[in-house]
Every structure is written in structure tokens, then in C-alpha cells.
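Chemist: If you read the sequences in order, they're chains A and B. Going by my numbering, the residue at position 317 of the first sequence is 317; the numbering climbs one at a time, nothing skipped. Going by my numbering, the residue at position 162 of the second sequence is 479; the numbering climbs one at a time, nothing skipped.
By construction, these hints were calculated from the structure, which means they are not laboratory data. All C-beta atoms, glycine included, are put in the ideal place defined by N, C-alpha and C. Do not rely on the hints blindly, as some may be mistaken.
[Said to hold, decoys possible] The following label-pair restraints were derived from C-beta to C-beta distances:
id, chain 1, residue 1, chain 2, residue 2, range
1, A, P287, B, E505, 32 to 40 angstroms
2, B, E641, A, G38, 29 to 37 angstroms
3, A, D46, B, R539, 50 to 58 angstroms
4, A, D50, B, K579, 36 to 44 angstroms
5, A, R257, B, P437, 25 to 33 angstroms
Listed below are the residues making up each chain.
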Amino acid sequence: MVQSLNRTLDMKMGEDSNIILLGEDIGKDGGVFRVTEGLQAKYGEDRVIDTPLVELGIVGMAIGMSMNGLKPIPEIQFQDFIFTAFDQIVNQMAKMRYRSGGTITVPLVLRTPYGGGIRGGLYHSQSGESYFVHTSGLKVVTPSNPYDAKGLLSSSLDSKDPVIFLEPKRLYRSGKMEVPDEDYRIPLGKAKLLHEGDSVSIITYGSMVPAVLKTVTDNSLDADVLDLRTLSPMDRDSIIASARKTGRVVIVHEAPRTLGMGAEISALISESSIEYLYAPILRVTGPDVPFPYRLEDLYLPNSSRILSAVNRVLQFR
Amino acid sequence: MSEEIVEHGDKERMIRGFGAMVLARTLNNKIMTAQRQGRVGFFTPTSGQEAAQIGLSMHLRKEDIIYQYYRDMPMMLHMGVPVDIIINQIYGNSMDIAKGRQMPSHLLARDYNFMSVPSPVATNLPLAVGTAYANRYLKKDGIVVASFGDGSSSTPDFHAAMNLAAVYNLPVIFFCENNGLAISLPTEKQTKVEIWKKAEAYGMPGILVNGSDMVDTYEKTREMVEYVRSGKGPVLIEARCPRMGPHSTSDDPTKYLTDIVKEGSDRDPLIISQKRLVEMGVITEQIASKIREDSQNFITSKFDELEKIPPPSPETLFEDVYEEPTWIIDEERGEIIGRN
Ligand SMILES: Cc1ncc(C[n+]2csc(CCOP(=O)(O)OP(=O)(O)O)c2C)c(N)n1
Ligand SMILES: [Mg+2]
Numbered sequence: 001m002v003q004s005l006n007r008t009l010d011m012k013m014g015e016d017s018n019i020i021l022l023g024e025d026i027g028k029d030g031g032v033f034r035v036t037e038g039l040q041a042k043y044g045e046d047r048v049i050d051t052p053l054v055e056l057g058i059v060g061m062a063i064g065m066s067m068n069g070l071k072p073i074p075e076i077q078f079q080d081f082i083f084t085a086f087d088q089i090v091n092q093m094a095k096m097r098y099r100s101g102g103t104i105t106v107p108l109v110l111r112t113p114y115g116g117g118i119r120g121g122l123y124h125s126q127s128g129e130s131y132f133v134h135t136s137g138l139k140v141v142t143p144s145n146p147y148d149a150k151g152l153l154s155s156s157l158d159s160k161d162p163v164i165f166l167e168p169k170r171l172y173r174s175g176k177m178e179v180p181d182e183d184y185r186i187p188l189g190k191a192k193l194l195h196e197g198d199s200v201s202i203i204t205y206g207s208m209v210p211a212v213l214k215t216v217t218d219n220s221l222d223a224d225v226l227d228l229r230t231l232s233p234m235d236r237d238s239i240i241a242s243a244r245k246t247g248r249v250v251i252v253h254e255a256p257r258t259l260g261m262g263a264e265i266s267a268l269i270s271e272s273s274i275e276y277l278y279a280p281i282l283r284v285t286g287p288d289v290p291f292p293y294r295l296e297d298l299y300l301p302n303s304s305r306i307l308s309a310v311n312r313v314l315q316f317r
Numbered sequence: 318m319s320e321e322i323v324e325h326g327d328k329e330r331m332i333r334g335f336g337a338m339v340l341a342r343t344l345n346n347k348i349m350t351a352q353r354q355g356r357v358g359f360f361t362p363t364s365g366q367e368a369a370q371i372g373l374s375m376h377l378r379k380e381d382i383i384y385q386y387y388r389d390m391p392m393m394l395h396m397g398v399p400v401d402i403i404i405n406q407i408y409g410n411s412m413d414i415a416k417g418r419q420m421p422s423h424l425l426a427r428d429y430n431f432m433s434v435p436s437p438v439a440t441n442l443p444l445a446v447g448t449a450y451a452n453r454y455l456k457k458d459g460i461v462v463a464s465f466g467d468g469s470s471s472t473p474d475f476h477a478a479m480n481l482a483a484v485y486n487l488p489v490i491f492f493c494e495n496n497g498l499a500i501s502l503p504t505e506k507q508t509k510v511e512i513w514k515k516a517e518a519y520g521m522p523g524i525l526v527n528g529s530d531m532v533d534t535y536e537k538t539r540e541m542v543e544y545v546r547s548g549k550g551p552v553l554i555e556a557r558c559p560r561m562g563p564h565s566t567s568d569d570p571t572k573y574l575t576d577i578v579k580e581g582s583d584r585d586p587l588i589i590s591q592k593r594l595v596e597m598g599v600i601t602e603q604i605a606s607k608i609r610e611d612s613q614n615f616i617t618s619k620f621d622e623l624e625k626i627p628p629p630s631p632e633t634l635f636e637d638v639y640e641e642p643t644w645i646i647d648e649e650r651g652e653i654i655g656r657n
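Could you build all of it, start to finish, from the sequences and the hints given here?
Modeler: See the structure below:
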């Protein structure tokens, strides 16, 4: 995925001189995960800016750039460090169009790695998607493979609204696949059905997608696997269609359960389709504790937890 | 110096500046009265800060971009923002650019390069830095002004913006309107160092001006504006301009403020600036009275006329969140106001 993101950024920067990258260690160093490797050498220090260590400044500057004709792509080194910039995101970025009656817009793509899987402990592992999804005015996107990473990043750059682009860092260097050189788009707000079945719907996104798919194939489950890809706005139609087809739903995400995406998806299905359901909607999520260092594997939802939730909804009567 | 200004044909500019000060004060007083009458919801008075703002904006040009804060109505009037735009915002009516979404005082006039005012103080400062970066990158003319209060100088946003603007040597004027208070907290409890002196720590020039005197502010800020315009980097200007009223219409300043500058007293910037201009031979007392009278008539009729404009339509609640409304917003609109 790192390579796909890097090549997409390169291609887009080549096409549009108004695209500016800014963040900590993204220039000379190429970013701590190497997503911006080589781009400063190619496009110069004015376009790939190594910033001082100030998240609210990175985001605030990016907002001001986009209000004045540029297309900035700020990077926050780890999503865990975004909170000093949260005010800028919630009160400036997300509300500018609304509070200016549509006369000022903030087209930008804020990239940040999130989630666990790198032994990063409390502060290099968090999955904070709900904070952003809860804020109207933002779009929230998360790819689960290199192909989608390119298509979603390209669509995010087309968006006239600010996009929070969450990169599952656990998948940065896994899941090798062919990514076409040509330009293509994956529309925002559209989920993808990665596996089809009639007995149960497993709804997931981002870092949990490979684990869910593996569970399904290893156990030959007759399951729909829906990768949301965009968390805000969610693909209501695909969620509802799958839930109505199978009548049994399990939602899987790494973020803690309370007020996670699972709560919203579950509410959406019960509000729209309760009469189609044969079983309660179950959630398999990270627990409501801070993200641990040594016990990371216990924290992350795994195949056995996914399988046991699937079995519970399948056997429910 | 003052004679020099007059000789250099600045007389017109001085008269226009003074005219805007008077207009702003007249409108301020009108809004405050209307608020007490229940015709307006809220306001943050701008009285006492007119001379500081206009003394600076007399150097500004159309292409300059302003990240103003909630007390900068006088500067906006001076830079040619129509009174209608301001009054419509104060009423939050259907002609308001922001469709009545923000509390009064949170002004906006994109066509006049005045950006939108947020409530969280100082959050406009990092944006100004980014906008200045874009200006330079895109080779656009113009500089960026970011204004804020003394209290706002304690925020992380102030620090971030000052540091970033200096690191990238960007054309930004940080304009601190020090009115002596942040709601109830006096400036000496806000910070241990005079605000203008902080400039040095970031690597930019800083000056202090008497913001109660339009001519003084104008003269002293000239060099700073030229410095920024010539691409040398950012500056910090602190203008001292004591608040003349409550923090806002919701505030009772008697608990914390004893020495308040009274309207028409010899500490009122309108009186100070008028005296200076009369001494300089730019205006006469008669002209000043005429300006006041004209402003009064103009504002009164405008204010009454625009009050008749209806509130924004219910649909506007659901517009402008995104370029296209999401299905969620569509659904919620349907629930609340019915489908069209
Ligand atoms: C971040 C933030 N905290 C608190 C407030 C509430 N508040 C509104 S104005 C104000 C005082 C601001 O003082 P100053 O910056 O000196 O500006 P002034 O109102 O004096 O012009 C406070 C605390 C706010 N708007 N934003
Ligand atoms: Mg103050």
C-alpha cells in the first residue's frame, strides 16, 4: 500500500502543481512510513514541506492554503497525535463551507496512519475514526488494499470537501497486488462486496478486512464480506441490501466498541430493516481500554472472535 | 511627520479613515441599542478599537486578505464592505451571506477578502499563515493580516502561527488589538511579557502603537506594512486600544472593570483622532459634525430597512455542509421539514 500511495501522490503532483504536501519528516526522510519517499527530491522543498513539530499548525496552514487556491495534503505522522489539531479539524475545516454560506471551501486531503499491529502501544496504535465520522462536514475514507488506496486517494483529491484519509498502517507493507499505472477512481461513499454469501453479512473496513476475509475462506463461510471503504458518508444501500439478504449481521472493527462505527451501522440496519433480521446484530471490536503494548494481539479482533460471533448469529433462534 | 502626510496627498485617506471610524461607532451604538430592545440577539461591541484597526487598514489594498476577528467591523467598513452585509449578518436574515448560521459579530465578506470569523479565538491565525504561503507560491500580489485580541496571544494557535510564519518568512501581519481585557482577565494576568516583545522570540520585528489614535497608528505601522509587502517576512503589531464597553451584550463589566473609557471623553479614540485631524488641518469641527450626522441618518434608515428581511428558509439548515448533501442529511431534512 505504501508504494501505491507513493505512486499516486507522485502522479497527482505531476499533474497538478497546486498540490502541496506538508508534515513532519515527510521530505528528506520520506515520511516515517516512507509514503512520501523521493517526492521532495522530485518536486522541491516548496511542494513537499518538512514542517516544524506542530500538528495544529500543519492542519491550520493546510486549511489556509486550500482557502487560497492550493490543494494541500497534510500528513499527521500518527493519528494518535492529531488531537492538538482536532480544534482546527472540527471547528475550522469541517465548518468553513457551512459558516460561509458556501462562499469558502476547504478542499484538502488529510492523510494519517491509524490502527495497531506495529507494537506501537498506547500512542502509535489508536483507531479514532469515530471522532471524525461524528463531525459533519468531513468525509472519512479508509482503504484496505493497494488498489483501493490509489482509487480512493484520487477521488479524495477530486473532492471539494475536506477528506480525512485514514491509512491502516498494519496493511502498509502487506497484501501485494497489481496496481494499474493508469488513472482510475473509486467513488467515495461506495462499499465493496469482497465475498458473497447468503447466510451472514460481515461488515468491516480498513485494517480488519484481511483478517475477516481469511476467516471466511479458512472456514468456508457462506458470508457476504462488505468493505465500507468510505466511513462518512457510509454506503447505506450496500449495507441494507446485504443485511436484508442474509438477515444476520456481524460488524468487525479494531476501534473500541462504544460509539464505534458498529453502533452506527447497527442502528442503521435496525432502523431500516429490522423485519428482515433473524438474529441480533453483533459487534467484534477492540475492547474499551487504551491500546496496549505487550498484549496487542489480545486487543486486536482475531479469527476466533470473528468466527464465534458469526456462529452465534448463525445459530440464533 | 503629520504635515508630511497631508502634503503627500494623504488628506483624502485620512478623511475616509475618520469617516469609517464614525460610521463604525454609529453602527456599533445602533446595534447595542437594538440588542437592548430585543431586535438583535447578541453583539461584541467594537467601540474603542476603531482607530487601531483603521490606522492599519489605511495601508491595506484590495488584494490583501484579512483573517479578522469578531471586533473588526470598523476595519471591514473602512475597506469598503457594504453596511448591508454587516447588518444582514447581525440580523441573521435570509440575505446574510452565511444564511444566519452564526451569532452576530461573526462577519464574513469573501468578495472583499474578509474571511469568516470563528468563535474559537486565534484559530484563524494558522489559516492566515497557510493563505500567505499560497499567495507566495502562486505568485499572487497581496499580504495577509491576522487580527486577534490580547487574550488570544496565550493560545497554542498564536504560538504555532507566529513560529510557522517566521520559519517560512511569509507575508503576514499579526495584528494584536490589545483592549486590556479578555472578558474579565486583565492583560497583565494573561502574560508576563508585553505582547509586541514576543515577536523577537519568533524572529520577526514587533512594535507597539497607540491604538487610540488613528494618525499615530497609521504612521507607526507604515514601515511594518512595507516590510511585509517587500517580502521580508512577518511582523507583529500590538495596538493598545482600551475596550469601551462590555465584552459582549451578555456581559456585565461592572464586576471587574472600574476605569471604563467613556464615549466622548478625551480618551475616546474618536475624540483623540478627531482632535489630531483638526490640528493637522485635515478636517474642521464642522466637517466632523456633518460626518456624524450623516452617519446617524444613514445607519438608522439602513437598520430599520433591513430588519424587514425575513429569516433564512428552513432548507438552509441542511445546505452547505458538503458540496452535495449526503443521504443522511437528505433523510434528516425529510424528517424535520418534509420532502420537497
Ligand atoms: C478557544 C476559546 N476559548 C474561550 C472562548 C470564550 N471567549 C470568547 S472571547 C474571550 C476573550 C478573548 O479575549 P481577547 O483575545 O483579548 O479578545 P477581546 O474579546 O478582548 O477582543 C473568551 C475567553 C473562545 N471564544 N474561544
Ligand atoms: Mg482583549
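Chemist: Work down the list of hints and note, for each, if the structure agrees.
Modeler: Quick rundown of the hints versus the structure:
no. : hint                                 : in the structure
1   : P287/A to E505/B: 32 to 40 angstroms : violated, 49 angstroms
2   : E641/B to G38/A: 29 to 37 angstroms  : holds, 36 angstroms
3   : D46/A to R539/B: 50 to 58 angstroms  : violated, 30 angstroms
4   : D50/A to K579/B: 36 to 44 angstroms  : violated, 53 angstroms
5   : R257/A to P437/B: 25 to 33 angstroms : holds, 31 angstroms
Violated hints for the displayed structure, listed by number in ascending order: 1, 3 and 4.
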